[in-house]
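Protein chains in written order, with our numbering: chain S, 1 to 182; chain R, 1001 to 1773.
Honestly, the hints are just simulated from the structure, not real lab data. Warning: the hint list may mix true and false statements.
Said to hold, decoys possible - No more than 35 Å apart at the CA atoms, straight line, and that leaves these computed lysine-lysine pairs for DSBU-like:
no., chain 1, residue 1, chain 2, residue 2
1, R, Lys1377, S, Lys15
2, R, Lys1754, S, Lys15
3, R, Lys1767, R, Lys1754
4, R, Lys1160, R, Lys1540
5, R, Lys1160, S, Lys15
Claimed, not checked - Okay, the calculated bits of chain R under chain S, using three or more residues with CB under 8 Å as the criterion:
no., stretch
6, 1147–1160
7, 1190–1203
Claimed, not checked - Chain S residues, not near chain R, derived (Cβ > 12 Å throughout):
no., residue
8, Gln41
9, Thr66
10, Lys107
11, Gly114
Ideal Cβ positions, reconstructed from N, Cα and C, are used throughout, including at glycine.
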Amino acid sequence: MTEISSITDLFNMSKPESSDIRRLEGELKVLGLSSPNICFQCSKCTSGCEAMKLLELQPHSVMASTKAGFIQEIIDSEVIWTCVGCYKCKERCPQEVSPVEVMYVLKNWYVASGKPIPGDYQNMLQNMITNGFMQGTMEVLDTENRAHDRGSLGLPEIKGPKDTAKFAMILSRMAVERLGGE
Amino acid sequence: MSKIGVFLCHCGDNIAGTVNIAELKEELSRDVGLVVRDSMFLCSEAGQNKIIETIDTEDIDRVVIASCSPIHHGDIFRSCVKKRLNPFMWEMANIREHCSWVHPNMEEGTVKALSLIKGAIGKIRYKSPIETAEVPVKQEVLVIGAGISGMHASLELADKGFKVHLIEKDASIGGNMTRLGRTFPTDDCAMCTVSPIMNGTKAHPNIHLMTQSEVVEFAGTPGDFRVTVETKPRYVLPDRCTSCGLCTEKCPVTISSEYDLGLGDTKAIHLPFDSCVPNAVFIEADACLYVQKGACRICEKVCPADAIDFGQKVESTILEVGAIVVATGYRQKDLSNTEYNVEHPDVITGLQLERMITPSGPTGGKIVCPSDGRGPKKITFIQCAGSRDRRHNEYCSNICCMYSAKNSKILRNKIPDAEINICYIDIRAPGKLYEEYYRTMREKGIKTIMGIPSEILDHSDGSLYFEVFDKATNKLLRVGSDLIVLAASLEPSDGTERIREKLHLPGGSDGFLIPRHVKIAPVDTPNEGLYSIGLALGPKAIQECITDASAVASRIATLLRSDKKKIDLSTAVIDPAKCIGCGKCEEACNYNAIMKDGEKFKVIDLSCRSCGKCVSVCPEGAITLRSFSREQVIGLLDGILEVDPDSIIAYSTSACGYMAADIAGTSRREYPTDLKIVRLICACQLTVEDLIYPFTKGAKGVMVLSCPEPLHHFVDEVEVIKGTINRANKVLDGMGISRKRLKLVEIVSPDGAKLQKVSTEMAELVKMDLEGA
């Protein structure tokens, strides 16, 4: 269908793409998830977003632009990469919408289009492939500036992959299969 | 010489714990005109028997009960006294809630109790027996407006056995609901719902139906109204008309259809609409060539049923009814010459869209752009058009969110590939199944834009567009539309405006009728015997209209249950010897309770609500409230101030100020003993003299504890008392008394904490003022 939306974004003269909305809704449906159009913008997701506090991710804004059909500009911005995947937005959404999974779908679209993952997030990915973690475990400071490691807090040690080379190979093969399957 | 029995209640130690009953008894017994008795529990059977025995043995003709609040046990003592005396020949001094419970110092508490009791004695001295009257009640009802509210109310009343006269200004009953396609939240076909109600209304043996009729004159009193109804000629005999349509086909005059809100044409003779009741054509007199110019009569010639009757004239009918229901409905606001660009044919209202949706409408159920008949692909709904807008109607029109949700869903089904947007401020869905309904709209892929355009514009080719800032995406959007549907504000219909004048009903700031009380008397008007339901009161959904209609039938059944009604004459009375016939009282009365009687005026007792506003406006002092006359006020003040001249007199309304003091008592909130509560029905009765008199007897201050502005139990109570206080302030200036010593406090009944605060502050303020002076 070659319909042109009646709506124009007067900041950049772009148009919403209803074909993007349909594609997104289709992929979400496979996962058993609601359309972003169900979102009624209570912004509860953003109120509790862990990435919001450090990286200014606003899941409700992502949902607003997505449901309006301005999907490409969300994909092209780096904002979806700031999501830490804690799933709190999905857990607490009063309408059972899942911003976190909308952003996963959009990240997949981005990678599938052949574009490189932006700056720091590429490094994180590299760390993930080589060490099994986005970043190494760190000491934390308490309110009196005393340093603690996990052991001193009685937390179990975090174990990385036993065979890092094999782990990296499996991850890479999964990514290729996923893209090849598209 | 009257003999007064004074009965003191210990209330266990509730009163006796902080008030010295023995001392009171001794003090009061010095007055030879008093017979003083006490009881551990006066409300008990033993206590009541003591009252009756004393009345019998001591030849008492009036009684003072010093115990708890009359709101608590007033009814018990009233029925006790009533066994021997006129039920008004007693007074209550509230020495528990207003004294023992809030003043822990026994010495001070006893002095205050004595002053309250002396006040009650002073008041009862000037009371006369109040009689009851019996007024006739016509067990018939007039319902004005045959929309869904009026029809349902008529059926309910008719089923209860009352004769109902149902009048309708249009040629068919049914009202605006017949114009609708479907109704939320179940998407039922509107006509399928309303049609059986219309037919049931016509068929009911207790309902007398009059179409094309309006009220032209209104007189009489509750239970006995006399209403003149004028019926316009239909020029058609409805019983003969078979609605075959031949006359309409042959009629040479084409007019725009008012029923279809300008979306279609009809002829000068036509059916009001499909499935109308009565099912007969009528002639639009303004358009008919014969009626206007005396030539044509084609309809008469072609009618196979001989149903045309040009001999009909305007007819007057006089109806005598006991009660009247106003159900005159709403109209959609005309937004001509505004930024909404309604002059463009493709900008329509929600009600116009309903006409397009309904299969029997002018487009046969097809959605079209009125400009050229094409099917729209881009449709935009704009909410709150003229609502929530102080330039038009400040209120929310209540039903638009849901009907736009409904219509957007219907359009989605009718035109699956259409792009449908809704511009809104917020979606209001507070009703049964409404939130769920709103979700189904989003599931249908209806797009929402969080923002309202500043103006609707059109290009030189006629295509519509607007710019709108969407708060959700933070984007300024330009939106093009083939068809724009405005959720135009609902406002009082012309009929509602006219009937308000005719029945002298007060209107609210929104132009709709106002109920007697928003919460606890929602379908009563302030005027006895007159009721209002449905959208005449304000925008609401059909289900709420049905609730209103059922409620009003119950209210009227209570009023008209017998053909006579007994009323206490504890009302206002005008002394004909003093009345100069100026009519200020009639003008001031909010309840139609004063009428001209020859050269003078008189009170209609059934209508009078004893607010006393007439008392305060009468320039001759000719009006008295039987239950609290000027002499009684003076007697009461003298009694209080004789014992305790250092008092602050607090005139308090029964429903608010007095109750607040009761609550302060039950929650043991201490305040200075200076405060002496004087119970009124409404602050309207207070005159300048009432406010000044306590000062002349040495009182330190005067307060008025009235109901607060939006919650007052009587129309314009606060406005009236503010005016009286302003005038009293000028008198105080002349007397050299600070205006600070006269204070108005608006208070709600549960606010004992506020009563404590304001009375404590007032006592401080007066003290400082007196010391400063």
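Results of checking the hints against the structure:
1. R:Lys1377 / S:Lys15: holds, 17 Å
2. R:Lys1754 / S:Lys15: Violated, at roughly 59 Å.
3. R:Lys1767 / R:Lys1754: holds, 20 Å
4. R:Lys1160 / R:Lys1540: holds, 26 Å
5. R:Lys1160 / S:Lys15: Between Lys1160 (chain R) and Lys15 (chain S) the Cα gap is close to 63 Å, so the pair fails against 35 Å, i.e. violated.
6. 1147–1160: Contact hint for the stretch 1147–1160 of chain R vs chain S: violated, 0 residues under 8 Å.
7. 1190–1203: The restraint on the stretch 1190–1203 of chain R is violated, since only 0 of its residues have a Cβ under 8 Å from chain S and three are required.
8. Gln41: Gln41 (chain S) not clear of chain R: closest Cβ-Cβ about 5 Å, inside 12 Å.
9. Thr66: violated, 9 Å
10. Lys107: holds, 20 Å
11. Gly114: It holds; Gly114 (chain S) is separated from chain R by about 27 Å at its closest Cβ, greater than 12 Å.
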